[in-house]
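Based on the provided sequences and hints, a complete structural model is requested.
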Amino acid sequence: MDKVALTAAGLYVIVLLRAGGTFAVGWLAGAGARRSRFGGRISSTKFQRVERAIQRWGAPVVAVSFLTVGFQTAANFLAGSLRMPLPRYLPALFVGGAGWALLYATVGLGALEVLARLFAERTALGVAAVVVLLLAVCGVVVYRRRAAPAPRDAATEES
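No gaps in the numbering here: position 53 of the sequence shown is 53 in my numbering, and each next residue is one more.
Please keep in mind that the hints were generated in silico from the structure rather than gathered at the bench. All the pointers check out, no bait thrown in.
The following label-pair restraints were derived from C-beta to C-beta distances:
#, residue 1, residue 2, range
1, Val141, Gly108, 20 to 30 Å
2, Tyr143, Ala33, 32 to 42 Å
3, Ser36, Thr123, 55 to 65 Å
4, Gly32, Phe119, 48 to 58 Å
5, Val140, Glu113, 20 to 30 Å
6, Leu86, Val13, 11 to 21 Å
7, Trp57, Val137, 29 to 39 Å
8, Gln55, Val25, 15 to 25 Å
9, Leu28, Thr123, 46 to 56 Å
10, Arg52, Val131, 47 to 57 Å
11, Arg146, Val25, 27 to 37 Å
12, Ala74, Ala136, 18 to 28 Å
13, Pro60, Arg146, 33 to 43 Å
14, Glu113, Arg52, 40 to 50 Å
Think of the CB as a built atom: it goes at the ideal place given N, C-alpha and C, for glycine as much as any other residue.
Now the structure itself:
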């Protein structure tokens, strides 16, 4: 059990630094945007309403974002750029980060142990499992690229 606890603690530190850093970069980017030529658009009534909603209700979104793949960074960046108050952001960061660290420490270590045991006892089966996993990842990537809409060409639109 101490291996899981040590891994979870290490992952927790990593996620706190990474997500907190993303929040800080978002905060700085938002501050810069407010001073730029886009400042007028950002100060519109509609945008301010969205900003207040994020400041008030964004903490649960940030906490849950740690259980998703790909949305976590965007949620932390947006929370920073939309100036979510630290008293609301930090609890979401601590709770969501703890969930993320525990999930990856338990499931991740379990998967690595299964693969290690598979390679030790049945090497051919272990190699086959890794090949199947790689083929599945490649298949998903190819499928997503083909399913994505093709970028529109400006020259085609003008004719």
